[in-house]
Amino acid sequence: MGELGKIHQILIHLGDYTATLNLETMIMTWIVLSCLIVFGFMTARKRALKPGPLQVVGELLVANLYTLTEDAMGKELARKYSPMISALFLFLLLSNWIGLIPVCEEPTKDLNTTLSMGTMVFVVSHYAGIRAKGLKAYLRGYFDPIFFMAPLNIIGELAKVVSISFRLFGNIMGGSIIVLVITHLCYSLILPPLLNAFFGLFAGTIQAFVFTMLSIVYISVMVN
Amino acid sequence: MIDIQTWVNASSFASAGIAIGFGAIGAAVGEGYAASQAAVAIGRQPDQSGDILKLMLVGQAVAESASIFALVVAMLLLFTQQPPHLINVSVCLAAGICMGFGAMGSGIGSGFPAAAACVGTARQPAAGGRLMTNMLVGSAVCQTPAIFSLVIAFILLFTDFSDRPLSPTWAAILGAGISTGLAAIGPGIGGGLVAKASCEGVARHPANAAPVTNLMLLGQAVTQTTAIYGLLISFILIFRVFPETETLSRPMALLASGICMGLGAFGPGVGEGFAGMAAVDWLSRNIRAAGELTRTMLVGQAVAESTGIYSLVIALIMIFVF
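One line per chain: the protein sequences are A and B, in this order.
Residues 1 to 224, numbered by this note's numbering, are exactly what the first sequence covers, in order.
Residues 1 to 322, numbered by this note's numbering, are exactly what the second sequence covers, in order.
Take every hint as true, because none was put in to throw you off.
Stretch-level coverage of chain A by chain B, calculated; a stretch enters the list once three of its residues show a Cβ under 8 Å from a Cβ in chain B:
no., segment
1, 156-166
2, 172-184
3, 202-211
4, 214-224
A few chain B positions that, by computed beta-carbon distances, are all more than 12 Å from chain A:
no., residue
5, D3
6, A28
7, A39
8, R44
9, D47
10, S49
11, R240
12, E244
13, M252
14, L263
15, W282
Hint data in this document are derived by calculation from the structure and do not stem from the laboratory.
The beta carbon of each residue, even a glycine, is placed where N, CA and C say it ideally should be.
With the sequences and hints as input, model every part of the structure.
Here you go:
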């Protein structure tokens, strides 16, 4: 039970400032990223009109994610943002699944990972909004029904980052805590693999998908 | 004179009772509702009784998981010895309240999709497989608020608070438990309403299953936003170290911030659930209106959520200003 909430950290002192690096999260993120790069390379290596099995998997993923983006944003924006959306989904999916392998820890179990993803979506969606509507119309949106609603509108926008990142973090963290505690209580008999399958594969997939859907919606809401 | 260890033990027994006592309410209501609708479905379509019974049992098993979380927390409270420190009285109580109330909404909520899936199978036996998938996804997402409560209960039980000043930390801890616990009730029920509409929709029009499931996930995710505000307030209250005070006003402000966010999340959760329910329901009837329905649902939910944001603002002011 001692493992609960223990984080391996490196502290780097730069003058007065101390940078904290979460070692496990960083290594796992790099593993996930290298897996994705290898996967992308393998699927696109031998492109042919009659696709091989790997190319089919890659095309299926990209085509489905593109359709999902196009339904919400329209054709023009989808061409621009669907690569980012696909990469986001695949990264989160693999991050949530990697906990199934013993010794490995989900990078999404760390709030820093999910919060940085959420911040990225926030920045991208506001950038898309400013690009589509122009700065003036974008700023006018904050004073929407009446001018004194502006502080609440700004807090509402910031709360989006909190909600999108805490949702993923809470679910993955909760799943791993439950698996850890049940494993401790019943000495790894029968139940933990089932729980791992439920929280890792099933809930992990759903939460990666929910995060992606919300990112698409945030961008399309800012644009329209 | 009773010593501190006795107080801590008494508190952990009481909290175990609160955790599983309140935690048992929601799942039982949800499962009973699922069973009642299964009976309705079998009465209408007796030939399908095998499939409907299977669907009912699977749905009830998922609905029960919230209560099982409460059971795990109650067992931990009973069987782990808390060290003799006065702060642990508050820690045990907060963990018990958090998990007990937190399991309530998800239990009731995840009974709804199970019930709708049973009735749906009777109506459209061919949709069985898709209904099962849709129900499992919907009720798994319904569990999210209960999982948040579990996270907070575990963090409370396994963090060492003994080096923090007793006042106002006791109130911060209790507020953290109440915040996530109460905030989980409304979103749990609301998420269940959305999932119910989606199960009905898949049964009505199995060809539209994919867009209906997608909109359900979106509706449920937005419905859970206020539960996440509760989680945020709990995290701030747990991980921020408050300086020692002699007065009672500071502890009361921290406790009140937890109560404020917890109660404030209830209404938006249920209300956004209604918005999502109607949007998903009508998407299955009229797939061509998908864009307008999604937009209306999101805007309506954002407006319904504004009261939750008012609670969040007041809770943050009470933590950081007073």
